[in-house]
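Number of protein chains: 2
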Amino acid sequence: MKKLINDPTNVVQEMLDGFAAAHPQHVRLLEGLNVVVRKDSPVKGKVALVSGGGSGHEPAHAGYVGAGMLDAACAGDVFTSPNVEQILAAIRHVSGGAGVFLIIKNYTGDVLNFEMAMELAGDEGITVDRIIVNDDVSVEESARTAGRRGIAGTVFIHKIAGARAEAGGSLDEVKASAELALKNLRSMGMAISPCTVPAMGKPTFTLPDGEMEIGMGIHGEPGIKRTKIMSAGQVTEILMGGITADLPLRKGDEVALMTNGLGATPVMELYIMHREAVSLLQAKGVKVCASYVGEFMTSLEMSGCSLTVLRLNEELKTLLSAPSRTPAFVQV
Amino acid sequence: MKKLINDPTNVVQEMLDGFAAAHPQHVRLLEGLNVVVRKDSPVKGKVALVSGGGSGHEPAHAGYVGAGMLDAACAGDVFTSPNVEQILAAIRHVSGGAGVFLIIKNYTGDVLNFEMAMELAGDEGITVDRIIVNDDVSVEESARTAGRRGIAGTVFIHKIAGARAEAGGSLDEVKASAELALKNLRSMGMAISPCTVPAMGKPTFTLPDGEMEIGMGIHGEPGIKRTKIMSAGQVTEILMGGITADLPLRKGDEVALMTNGLGATPVMELYIMHREAVSLLQAKGVKVCASYVGEFMTSLEMSGCSLTVLRLNEELKTLLSAPSRTPAFVQV
Chain Z
1 MKKLINDPTN
11 VVQEMLDGFA
21 AAHPQHVRLL
31 EGLNVVVRKD
41 SPVKGKVALV
51 SGGGSGHEPA
61 HAGYVGAGML
71 DAACAGDVFT
81 SPNVEQILAA
91 IRHVSGGAGV
101 FLIIKNYTGD
111 VLNFEMAMEL
121 AGDEGITVDR
131 IIVNDDVSVE
141 ESARTAGRRG
151 IAGTVFIHKI
161 AGARAEAGGS
171 LDEVKASAEL
181 ALKNLRSMGM
191 AISPCTVPAM
201 GKPTFTLPDG
211 EMEIGMGIHG
221 EPGIKRTKIM
231 SAGQVTEILM
241 GGITADLPLR
251 KGDEVALMTN
261 GLGATPVMEL
271 YIMHREAVSL
281 LQAKGVKVCA
291 SYVGEFMTSL
301 EMSGCSLTVL
311 RLNEELKTLL
321 SAPSRTPAFV
331 QV
Chain X
1001 MKKLINDPTN
1011 VVQEMLDGFA
1021 AAHPQHVRLL
1031 EGLNVVVRKD
1041 SPVKGKVALV
1051 SGGGSGHEPA
1061 HAGYVGAGML
1071 DAACAGDVFT
1081 SPNVEQILAA
1091 IRHVSGGAGV
1101 FLIIKNYTGD
1111 VLNFEMAMEL
1121 AGDEGITVDR
1131 IIVNDDVSVE
1141 ESARTAGRRG
1151 IAGTVFIHKI
1161 AGARAEAGGS
1171 LDEVKASAEL
1181 ALKNLRSMGM
1191 AISPCTVPAM
1201 GKPTFTLPDG
1211 EMEIGMGIHG
1221 EPGIKRTKIM
1231 SAGQVTEILM
1241 GGITADLPLR
1251 KGDEVALMTN
1261 GLGATPVMEL
1271 YIMHREAVSL
1281 LQAKGVKVCA
1291 SYVGEFMTSL
1301 EMSGCSLTVL
1311 RLNEELKTLL
1321 SAPSRTPAFV
1331 QV
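Which chain is which? The protein sequence lines are Z and X, in order.
The C-terminal residue of the first sequence carries number 332 in this note's numbering, and the numbering is unbroken.
The C-terminal residue of the second sequence carries number 1332 in this note's numbering, and the numbering is unbroken.
Keep in mind that the hints are not guaranteed to be accurate.
[Said to hold, decoys possible] A few chain X residues facing chain Z, derived, Cβ under 7 Å:
{"id": "1", "residue": "I1005"}
{"id": "2", "residue": "P1008"}
{"id": "3", "residue": "M1015"}
{"id": "4", "residue": "D1017"}
{"id": "5", "residue": "F1019"}
{"id": "6", "residue": "I1192"}
{"id": "7", "residue": "P1194"}
{"id": "8", "residue": "I1224"}
{"id": "9", "residue": "G1233"}
{"id": "10", "residue": "E1237"}
{"id": "11", "residue": "A1264"}
{"id": "12", "residue": "M1268"}
{"id": "13", "residue": "M1273"}
The hints are simulated quantities; they were obtained by calculation from the structure and are not laboratory data.
Note that CB positions come from ideal geometry on N, CA and C, so glycine has one too.
Working from the sequences, and respecting the hints, build out all of it.
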């Protein structure tokens, strides 16, 4: 295993220490809990947003903590849900009196633990609501999931809900905006090489030379098919085909487009993929109003990428373009 | 070769097409030249900044074109200097009457072509000056370089010179700030796996299982030694040792610290490295005023990282923290 780490069992704490040391203007850590909170939390009178999940997907989710996005991110072990104690501590800490909204990726462990923490916080008198993000069109069921998985599109939910909360929206309004975004959100990914969980020491799966896997999950969960390596144009057609089969786009529609690298894909290749995706959308008469290209939700050093389309209306366009100041998502 | 590309001989143009499609609010392309310019260029009365180099180091340098940083970036083929025609076209295009400043990484081909373009632009009556960035302390000579190489620290030169130019500095003042920064700038890197230039189809070098190379260049040029894979703490000590041997830091000094991924290193590992680097500096009584963690100057899908230290005084601190709005470097 070739990794720049110290103790494989301590990667999450050490990463979060480095993260907090790097971004003191945005965040701080809740001691001993692997929870990253907005530096100025709790923000009185604002709906507070809490997300999180297994580690190994950086910059998700801690990179999205800050003004205009999340109030807290709970980091589980690598590819493992955060526990109820962490989530409950995050909810208690960020609660500013206007309610707390949880953004949960649809994995069985995450849903279980976030919902349990929601119930316990409710018993303490904190009003909590939630959305379960399931943007991945690849598969309907998977090893870790009942229903579709949540992947990189989750970052758009952080942004949309975060902007609505920052603008003074109520808990119901924040939830309504998040649900509107989710209804218009689809993603699909693929991998060309695996990743290694530090504590395991060996790759999560193998992909023979010259092969790729379409629809692979961000923990290496099986996709829909293995094929010979294809061109960027062919791969984009398959991913965008999956997305638009489920979210029909019409001439004149406006969208935001994210081309997300899984960890080891060169920035150069992400832009080549993005070019293909923009060109497919333009050919349908769809206007790409906002582009995001880079690493937003990774899988350690997995090589591959995902595409995410968010269909916009005026409300979503306004919320998406609102300012945000977080370690991994600065918008002016 | 497992890459998300179409035609290996056309990767640079396709990447730049994707880049321009993604960031129309910041940049546009000079047709047929692989030159990215600031959207509102030429900016009348402002010193214009031009940089560039071989492709494969994305987001360098096109990602730094925009308000507060570069006016143009010239993209050569992968790991190949841009040619004189490109650089001259960039100079002509961005010249706003206050002079043009070139930021050149110290590689023989780059220096030759940028200086030739400078001379030709001078013949046309455009005042041009330049800085040659050689922040890499690893080696004094190398396959592509006389003297030290220019690596990730170049991004701090873009930022410092860009802020001075944006604030209305003259060509001499922009150069003076850039030289002040360079005097206080040192970097050192290492690799744990190689990269493949698309048109070559095979890795630029090999590194046996369980080995890493200290001081490797961003084109895979030899470093100073190969060793067994070490912990993040040990690697950081070696890199920071090389940096501080050349740039002695004293108690009370203030620095900016960049932990830069070379392409395939997980964000998690970069933060673990950053933690070690911050802790070594703090142990010396040095204050880290600003942190940058991520991919700033890559080597395609090479795995590894570099550390960069910029020692700050009041002038440099002000310029570094000034706002910038570019595809890969947004500061508020």
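Do the hints match the structure? See the list:
1. About 5 Å separates the beta-carbon of I1005 (chain X) from the nearest beta-carbon of chain Z, less than 7 Å, and the hint is met.
2. Against a cut-off of 7 Å between C-beta atoms, the interface hint on P1008 (chain X) is violated, since the closest Cβ of chain Z lies about 10 Å away.
3. Interface hint status for M1015 (chain X): upheld, as the beta-carbon distance to the closest one in chain Z is roughly 4 Å, under 7 Å.
4. For D1017 (chain X), the shortest C-beta to C-beta distance to chain Z is roughly 5 Å, which falls under 7 Å, so the interface hint holds.
5. Interface hint status for F1019 (chain X): upheld, as the beta-carbon distance to the closest one in chain Z is roughly 5 Å, under 7 Å.
6. The closest approach between the C-beta of I1192 (chain X) and any C-beta of chain Z is roughly 5 Å, which is under the 7 Å cut-off, so the hint is satisfied.
7. At its closest, the beta carbon of P1194 (chain X) sits 12 Å from a beta carbon of chain Z; the interface hint therefore is violated under the 7 Å criterion.
8. With 7 Å as the threshold, the beta carbon of I1224 (chain X) stays out of range of chain Z, its nearest partner Cβ sitting at about 18 Å, so the hint is violated.
9. With a least beta-carbon distance of about 6 Å to chain Z, the hint placing G1233 (chain X) at the interface is held under the 7 Å criterion.
10. Of the supplied interface hints, the one on E1237 (chain X) is violated, with its beta-carbon coming no nearer than about 12 Å to a beta-carbon of chain Z, more than 7 Å.
11. Taken as an interface hint, A1264 (chain X) checks out: its beta carbon lies about 4 Å from the nearest beta carbon of chain Z, inside 7 Å.
12. The beta carbon of M1268 (chain X) is positioned within 7 Å of a beta carbon in chain Z (closest approach about 5 Å), and the interface hint is therefore held.
13. A distance limit of 7 Å between C-beta atoms decides the matter here; for M1273 (chain X) the minimum to chain Z is near 6 Å, and the interface restraint holds.
In summary, the numbered hints that this structure violates are 2, 7, 8 and 10.
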